[in-house]
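Going down the list, the protein sequences come from chains A and B. Numbering-wise, the numbering used here puts 318 at position 318 of the first sequence, and it's gapless, one number per residue. Numbering-wise, the numbering used here puts 1009 at position 9 of the second sequence, and it's gapless, one number per residue.
Warning: the hint list may mix true and false statements.
Unchecked claim - Subject to a maximum C-alpha distance of 16 Å in a straight line, what follows is the list of computed EDC-like cross-link-like pairs (lysine to aspartate or glutamate):
1) B:Lys1031 with A:Glu23
2) A:Lys324 with A:Glu446
3) A:Lys139 with A:Glu109
4) B:Lys1008 with A:Asp80
5) A:Lys170 with A:Glu460
6) A:Lys40 with A:Glu27
7) A:Lys5 with A:Asp395
8) A:Lys345 with A:Asp368
9) B:Lys1008 with A:Glu426
Claimed, not checked - So, partial list: chain A residues that the calculated Cβ filter (under 7 Å) puts toward chain B:
10) Asn9
11) Asn45
12) Gln82
13) Pro83
14) Ala87
15) Ala89
16) Ile92
17) Met93
18) Val100
19) Val101
20) Ile103
21) Tyr107
22) Ile161
23) Ala164
24) Tyr422
If you are wondering where the hints come from, they were derived from the structure by calculation, not from laboratory data. Backbone N, C-alpha and C fix where the C-beta goes; we use that ideal spot for every residue, glycine too.
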Amino acid sequence: MLISKEIKNIDGVTEVLVGMGTELNIELTENLGLMGPEMKDVSPNDFFIAADLDSDETMALVIEQVTQLLSQKKAESGSDYQPVSIAGALDIMPSANLAVVSIPGQYAEEEVSKLLDNDLHVMLFSDNVSVEAELFLKKKAVEKGLLMMGPDCGTAIINGIPLAFANKVKRGPIGIVGASGTGTQEVSALIDTFGSGVSQVIGTGGRDLKSEIGGLMMIQGMQALMADPETKVIVLISKPPAPEVAQKILNMVGETQKPVVVDFIGGDAQMITNAGAHPCSTLEDAALKAVALARGERPVDSDGFTVDESRVNAWIEDAVGKLKADQVNLRGLYTGGTLADEAMKLLGSSIGGIYSNIPLSPEYELKDLNNLSGHVCLDLGEDQFTVGRPHPMIDPSTRSDRFETDIDGTVAVCLIDVVIGYGSHEDPAGEVAQSIKAVKDKLAKEDKSIVVIASITGTEDDPQGLEASQKSLEDEGVIVLPSNAQAVRLTKEIMNRLPKS
Amino acid sequence: MGLESFQKDLISQEVDAVQMNWRPVAGGNPKMIALLNRLKG
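With these hints in hand, go ahead and build the complete structure from the sequences.
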């Protein structure tokens, strides 16, 4: 995948795929329109290059570069032996107690089963794993007192170590069990921002709270946090669970003295209150309440800004002042699905219907991902945008492309998330800033400007640095709020002052 | 098992982590895998 990316940068190359002749790679080749008659003879043991380019000379250059890159790769990893079997890996590291698995989904069940047999906890990042496999693996894990975080689990922080897509968060007394990756990242990073820290952040995978799985990992995680002496406050994060699963989990609240904060994003708040737990209106609200409880304070509902009111008013006035009368649309371009979902839920019907690839209701499903009109909020991490390309948190170019195609003279506000931390690109804010500059230059030709509102999910201890990332964005005129909730609130205030679209 | 960047990130934080050189059984050939499973089964 990375070699393909490098080769694509060669002048004269329009599209390219480089790899072994596995079924997956052949499928990708088809999807990219690079199939040729030679491909039918390619077997999984063959290495192939499929390219759409302008000349034979360019192809020769491509072959040369690929050869160079391959031998470079070998030389780099030559010094560290990479075992081919689990037994081999455990020989090298007998003290291993956790495995991170990100192989194609159809192979995951067997490998994870072997890992659990060897008494390792598992973080299963892979998706396209069947419900049956997930249930089998989770039951096995529960029986053995192990964690099986996933499938489709991208975020965990165990003993202070961020795993896969996660942030470097200060240690502290708040434990989190989360079914949503970016939701968990947002809550844990905000806990750090608001001056507290986390004990453990356990992922469950996106499907855990559906009735077929019954919340097995959320229950397992919650029990672990209930028993953990370092954890004083428990936070649960998920999209609304199946009702009987929600009830099962909420029943556990009564079994612990520790305060429990529950964010079933947009779910039934009364049910949570009745169970003796603290419901939340936003991910930021969950973080604020957890921090208050950790300090022995009464948790309060949050709804407003933690930024000075005068600054907020100045942003609003400035925005309304500079937008032209035909600039009425919202474009949300998100890399984190939960954050996009939170944005749409918070905006509700206040600005009118919002089209999306993850719409709140079916009549707002985007039929055509090109030629956008009206209000749109996209989750660019969803499958339709990630065929044959890495997730936009790793590779910002998907979103860069959308900045070009989706922002036109009818757009008033562009709302985005910028997720930093481990797993993310080395400088997401820098990449976004570049895209914003290009968009602004384009609109300036129509004598128009645009309002870009962002929040950064991350901490100062992340490799990219929260402050440095904020500066990159602000230098390009982006308004940066401390949380997704506040970014959405500002968006709502501005949009409501504009003529209706 | 899988994406090397996950292991590299751990190493950069001075966490001991071993990267496996994982390949699907039989090079991912589904016919071969089915045959092997029948043998095992």
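Chain B contact restraint on A:Ala89 - CB to CB distance below 7 Å: holds, 5 Å
A:Ile92 as an interface hint toward chain B, with CB separation required under 7 Å: holds, 5 Å
Per-residue hint verdict: A:Gln82, partner chain B, C-beta under 7 Å: holds, 4 Å
Interface hint compliance - A:Val100 to chain B, C-beta minimum distance less than 7 Å: Result: holds, 5 Å to nearest chain B Cβ.
Restraint check for A:Lys345 with A:Asp368, where alpha carbons must lie at most 16 Å apart: violated, 22 Å
Proposed interface contact between A:Tyr422 and chain B, which counts if any beta carbon pair is under 7 Å: Result: holds, 5 Å to nearest chain B Cβ.
A:Lys40 paired with A:Glu27 [C-alpha distance capped at 16 Å]: Given pair A:Lys40, A:Glu27 holds - Cα atoms ~12 Å apart, limit 16 Å.
Given hint A:Glu446 paired with A:Lys324 - CA-CA distance at most 16 Å: Roughly 11 Å separates the two Cα atoms, so the pair holds.
Proposed interface contact between A:Asn45 and chain B, which counts if any beta carbon pair is under 7 Å: Where the cut-off is 7 Å and the nearest Cβ of chain B is about 5 Å from A:Asn45, the hint holds.
Hint status (Cβ of A:Met93 to nearest Cβ of chain B, threshold 7 Å): OK, holds: A:Met93 within 7 Å of chain B, min 5 Å.
Interface hint status, A:Ile161 versus chain B (Cβ within 7 Å): holds, 6 Å
Holds or violated: A:Lys5 to A:Asp395, with C-alpha atoms at most 16 Å apart: holds, 10 Å
Hints 8, 10, 14 from the list above are not met by this structure, while the remaining hints are.
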